[in-house]
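Chemist: The two chains are supplied separately, each in an independent frame; assemble them into the complex guided by the hints.
Protein chains in written order, with the numbering used here: chain A, 1 to 309; chain B, 1 to 721.
No lab work stands behind these hints: they were computed from the structure.
In silico BS3-like cross-links for lysine-lysine, where the CA-CA straight-line distance does not exceed 27 Å:
1) B:LYS185 - B:LYS553
2) B:LYS222 - B:LYS332
3) B:LYS404 - A:LYS54
4) A:LYS79 - B:LYS711
5) A:LYS91 - B:LYS714
6) A:LYS54 - B:LYS676
7) A:LYS91 - B:LYS406
8) A:LYS173 - B:LYS404
9) A:LYS173 - A:LYS54
10) A:LYS89 - B:LYS711
11) A:LYS79 - B:LYS406
12) B:LYS406 - A:LYS89
13) B:LYS558 - B:LYS185
14) A:LYS79 - B:LYS714
15) A:LYS89 - B:LYS404
16) B:LYS677 - A:LYS54
17) A:LYS131 - B:LYS406
18) A:LYS91 - B:LYS711
19) B:LYS714 - A:LYS89
20) B:LYS549 - B:LYS491
21) B:LYS404 - A:LYS91
22) B:LYS705 - B:LYS461
Chain A regions said to be covered by chain B (calculated; three or more residues, Cβ under 8 Å):
23) 30-43
24) 48-62
We put the CB at the ideal spot given by N, CA and C, even for glycine.
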Amino acid sequence: MKILIAAFSLLILTSVEPAAKPNSPSNREENQNCFRCHSMSTLSYRDTTTGIIKSLSVSPEEFYNSNHKDLECIDCHSKDFQTFPHNAKLKNENLYCLDCHKDEPKFKQFHFESIEKEFKQSIHYQKLGNKFTCFDCHDPHSFEIHARISKDIKGTILYDNSICLNCHENNFKIKYLSGKILPSLYTAHSWLPHINLHWQSVRCIDCHTSPNTPGVSHAILPKGKAVKNCVECHSKNSLLLQTLYKFESKRSRNKEGFLNAVILNNSYVIGATRNYYLNLLSFIIFGLTLIALSFHGFLRIKSKKRKLK
Amino acid sequence: MKMKINLKPFLKKWYGKITAVIAGLALILLIGMMAMPSFFEWYTGVKNAPLTYGSSKKLTDEQFEETAKKITYNERLEKAEEITKGENNDFTRSVKIQMLMNTPSFYRDTKFKHIAYFRKAGIRQYKGPETCLECHKTMKVHESDGTIKKVNTLNDVVNSVHFEFQRMAPGFSTYGFNGKRVNSKGRPIPVGKIDRACGIPGSFSWTGWAVLVKTYPNGKDKPAVMRSEGCGQCHIGGSYDPATEKMMPGGVIPAETKEGIDCLICHSQNYDMNYKYVIKDKVGYRWNQDRTMEAAMSVTIPTNKNCLNCHQHNMGGDVYQYNVAAKSLGYKNQRILHGGAKRGNPFSSEDDVHAAAGLQCLDCHVPEGHKIPRGVKGTDLVANDLPNRKVDCENCHTSAPHTKNKLEDVILNGHVNRIACETCHITSLQNSSVVLRDWVHPTWDKEDGMYVPTDILRSGKPDVGITYLWFNGNGTFLANALGNNPNHTDKYNPLMDQLVTINNPQALKEVKQNIMSDFGMTSQQADEYMKSFTNTLSQLSPSMIEKRKEVIKTFLVKLENMGQSKIYPFKLFNAYMYEDMSNQGPFGAMILPFDYPTYYETGNSLAAMKKAIENPIVKRMYQLPFKEYMMDDFMHYFGVSTWSDVYPIDSKGNLRNIEPHWMRQFGTLMINHGIKKDGLSCESCHSPNGILDFAKLGYSPERVKDLTHLKDLKYFTKSKL
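Chain B extracted, bound-state conformation (with noise of 0.2 Å):
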């Protein structure tokens, strides 16, 4: 039997020519997709390939039990320890340990339930996320509302921001120097860790994800020792550059990528730092992972040690006495440690009072599945899992945190709203916290054998580290922090005032000295040197002065007066770097990232610049789809009205329209940990030199004069707070 079918009489009728129409677009639909990743991988010259990790080595079942008694071993020796506290017989204790630490219940009773699970299923050999994936394919989400919903668990992961570099979404406490709100209306442009105006260059994630450095720490003459660096150390996406396909229409993270997730940094209780180095394969340049069984079978709900594998770099700094993971460098390839903190607030039991309580990260930052908040407040352009999800203080702690119902407390708990509890209660920030770094002059670190930038001021001391600043829980496109005194005065102008200049004496006293040195220049030309940072408006002409004071009244203003206001303290920081002259406005140019190895061997930051900007994405920037997709829109939150698509480098292969510069404001970053119990003192602040500048914060000349001259001051410092 035969049958043919003529689709001619069909394609005739006009239902015929839609059916036709709607498969031909979904055949080109399906074509696309089919070819997308390949078209990315081309477009950007981002390289994927199936990863493999020599640590993820099969066991045996000895050795599953052998490492099922190692990580084991401290929790029975504590627990048998605690039970045999009343023996007094040294010898005899040791027996009972002995004896309790081999009982069959006491290896069953254990937090690491996924030794039992591997154990029945027959598990041994860590995989990677399809391990976990076998049985968590799924998961519960508690959301906020009270609901529990079912989700895909890898794709929680991918869409959460612990996997992703941007943000479509609205969200974002970020209001641009147009007065647009960051992603809020009209089409929403790819913001986050990709695009954000961060003072690191190395933050450019595309250039700098996984390399390799040759160092000389043993002299120039000696044998280089590689170091690892780059932004893959910390992300737990992205194989040989990070997963930033979505930042495209119809983009899609490829499998490979997503088998590349590091489930373990986050959840295993023995995950070894020291496999964090980068590995160079026939592909390229990639970040290694620990995906040894032991480390599986160590999985809990993430703790503080997972966070800060992480996390300690940006808070207590990576040279931060007690960051633990900066203790494991690598077992090859060590990591390079970057020496001036960024914030310098870290979250350990030493420094931090809520750590010492033996509070975990998530119990603050409750998550909901992978999507873990970070609070409505931020000045940076941070992409944000659960933006009105508050992390604050209050949350535990009441508007009446002071509860020793002493008069202080009671005045004390009158300033709540208008003090943000970090105001008093982080008294510093860690001696390592740059405040001013010169990426353009590197200085030679002789101890690591290489050309670091140079911090030409670090500083936790309130008045230099610490500025104090009205913050209604929004800032600038540049991490500038907005708010207003609730006076509403005109007077309070940080963007014109506060964040354009640096005036403590005794700091600049240090820069001079600092500089003299470093660089060895005269004290002439350090002074010459200075006026760039001392007064960053210096660097503007005269008209672009003038519209930075149009856009601060236009649009600014009005965004200061939103809300409600507190004095926040902020960690000041300013950087100077290669900007792109072409795309210049009131508040700054765009910074131009750094080729890792090139600055770090060769001190040339010139070249380093120009090798990163190299990149075929970063001239894809500079070409039109990227300038229409994303660029000009990303230009508008600058204060700029279009992105000039002048490549910097001509066609002769010269650099063009690219200057050093400061930012022409300093960054104010948000700092919330290394929470102290005893605060400052009240004098700190009410007192001629307290470390609060009244008048600057907008408050009137009288009631300057009666904040800084307390009559009633005398009741209280009685107790010392």
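Next up, chain A with everything else stripped away, as it sits in the complex (with noise of 0.2 Å):
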């Protein structure tokens, strides 16, 4: 058992040096003395007290496409993980995101501190304390940026709404945590209009986290604090600017220049000039346009004045 909870704590990611290495063969060979085991993808146990199924199978294919992909497995886990059977007293190895991220000039940009801050703040941990971590949410073994870097705005709502359905889907986990049974996802949401529509366009934490921060809002709201007037999204000043096409909306005005943002931003209905093309070619009509206008004009003038003469 002791070495079981050791094992398990294999999923969970410490610091020692940050050093981002090359994805070399170096690595890859390092960490397949731990992938001998752990790639099994139903490599698990019962808890036994709550009958959860507990995995600690890392998916090779998933680590290597994650944002840690370059590390290796001791480069979190304790050196000594590399004896087998691992020693017992492993099982207490207790990690934490961000004795790797904090003050470390090049995570600058997500803004670690503030996450942290904001964690503190969320609804997950004032109810639960320390029994809610970063890894009830983020696995490290696969994690990745998505929304930053992501072009697919689809794809970065559907991977994001992953993590809280993980758990918020499962009332077997609720229950485990919380010790309460939530309603279903439908019930709770019953008064949204176009429910399933909603889900596939939006991000859970769009509505359910506040949005002024600097990074990715960690502070996920109490339920009665959640975003629940239409006209917070449906208007002209969306929050949504601010939350789930917040980056796409900086990326863009780094790329098109700051016009097509100011446009993008003052749009009414979300979706409908997120096209980049869509937006040169009603630039060009109305370039058009206004040539076609002047040139009238212009011919117009021209031949009052031949009137007159």
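Modeler: As structure tokens, this is what we get:
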């Protein structure tokens, strides 16, 4: 059992040195020792108190596509894991994202300090305290930053929402964490028109976090404080511009210049002119119309002058 | 008043003409439907007649109550014994038991609810389905999506696999050698029990439905003893012939056949298998059944006993020592027991952990009405009532089935994704499991006094009777597991490798001894004879072998790489049979059936085969409508472009184009029962001479070395699994 817990904590990530090594054969070779067992996709045990299946598996494919792909397992996990069977003491390995990610200039853009602050304010931490950790949402072995780099908003929505649904669609887990059984997501959102369409088009956190944040908001609000007013999104100054489309509009501002972003930001219905080429087309049509108009005016003036003559 | 209807003006109008045509067609259809049963009977030689059963007797009220007492006796006794457990004085206890057992509430409180129903309704005779249908005309069916549907009970039974012999619907996990999933696209053909590529020709149900065989257990000069044989003993449908009417377009099951349905064999807890024997009446031979009131009064939801009445036959085998039904062979014309077991993985509390735990068949095979799921995986061509309904270990055991939370358990759970539960937890099969059966050279069974096919190899051992293959849930048209190593190697090719040879030296030695003693062959003759099954491909011409490779490359590789494969255990089977060589393909030829009485009585396999193919329905198979309707498509799945309608008996009555052969590859039968709590140990596989041949399973040489020499194995073997 001890060994088990030790092995389970393998899933959890800590810091030794966040050195970004190239994705070299040496990291793969080293990791292969761990993957010998931990790549088995069903490597798992049943938690003796809750009965929940605890997976000890790390998918090599996912890991080598994740943001942490250049790391060796023992960069985060204790070096003692290199011996097998693992020492029982290792079960207490307590890993925390910020051990690596704090005060590192390289990670400044991600605002980990504010994430930490926001997390402490979030309903998850408020209600569950230390029972709830980063790893309950983010598996460091498959973690990818998505919203910042993705061109595919739908993909980001799917990725981000699956993090929430992992627990919130699974009352077994919720009960394990909170002791409560929550109503189904459909019941809880029964007031929302076009539920499925909304879920495909916005992220849970777009309504359920406070938007005033430098990075991705981690301050999950209590139910009562979530966005419920349609106009907050469906308006000229849509909330979504600070949340879901935050990075998109920043990026497009960098790419296409301020003008496009301004026009984007003032659009009424979210999604109507998110397309760069449509925007370009509307500019061309607008420009052509302008040219045609001025040409027409020019002709009119000219012909009038001729008539006057 | 006289009214004359003049149709002429009406018929002159355009709508009149259309009405006339429709009416004409309807009339033809009506006549056709009325004539269909007689036509079917004429065309196929199938017989139908009203059925009567001697065991269906009317009871008086007194007899009824006596029977009620009798069938509740054990229940009442157990209850009374439990209550009086604390009584030390034996005599007092017996008096108390007596008193309690005769208490009215003890009579009422029985699992046999139908006693009260029958008592009230005045039912004193069981007349077959009609008695059941008096109350159960319709029934509620709980479907897997949670909906409840009301269905006609009789139709529900008639359209279930337990009655039917074929299915034209999709839902087979079987792929033809043309790469097509059976009946998934194009015109469906009837497939299932009637034509599956089974290595046991007797299962050609038309020619071996119900027969009486003369046997001479006391010597050939003594009077013959009649024995019953045929497929009908296990099929609730059919009367004088199997109920295959629906395989024809527009076919309907005649009312008489439906009257022959044996409801009680599945529902009665007191069904007496001694009533299952062949009877002969004016019309022909048919199977008798238990229609006593005693059996009817003890109906419940089917229990293991009911299912095993038939299914222990192909799981544990007829000669399996805990096969209960095989202990009641008949009040007369006793049923013939088949020596070799098809699978040898019995479901009995002695040999299966689930049976021992009191689990019922229907706990895993959760039915929807009379439709019972067999799971989504399968290598054979057996029809499936609920092809999408899973019957998996994982349904109950989750993906982390080992729960002792030791290091081994975690690693064992890790294996689940690659290794099927059955691979470790079926440690062996019954020794009576037949691997090689020679139908062509029968031997004299002195005990039963008849000729029987010669099982030249029986084994339930891993590597002899059991082989281990990658399996993605699908099989070929000739019952070979499809699947591949998840590394999608091209090294794994069981149809050119594992399944075309038998090379366990121990087994080969045993086989040689068997054939030398059974057939009186010399060592040299035995070696010659053995060639054809130690290398089954030696029976194919070089061009056929080329074609075979081509088919594998073009069609099967794709199918093998589909889905998720795991290593599963399979019971190996091959049989030496007569084949119609006009219909030969790279994977086999049309197998020909035997006439049971001729076979058992004379031991002349050739004559028995000839007699069987003289059966009208076999002749029809070689004629035009059948060829077009069914046989051509059937051969496409077989990997042959067309069905040759050259009937194997020529006009002079001589056989033509018939040769005895072993199947060109071993059949692989799924085994899922006979589950042991303690599975195989780590070293059973992870050692140089383990039961898994990792190289043949498509692993690279480095990986094979790794898997057979695991350096960390010592940490797991401390506590042996």
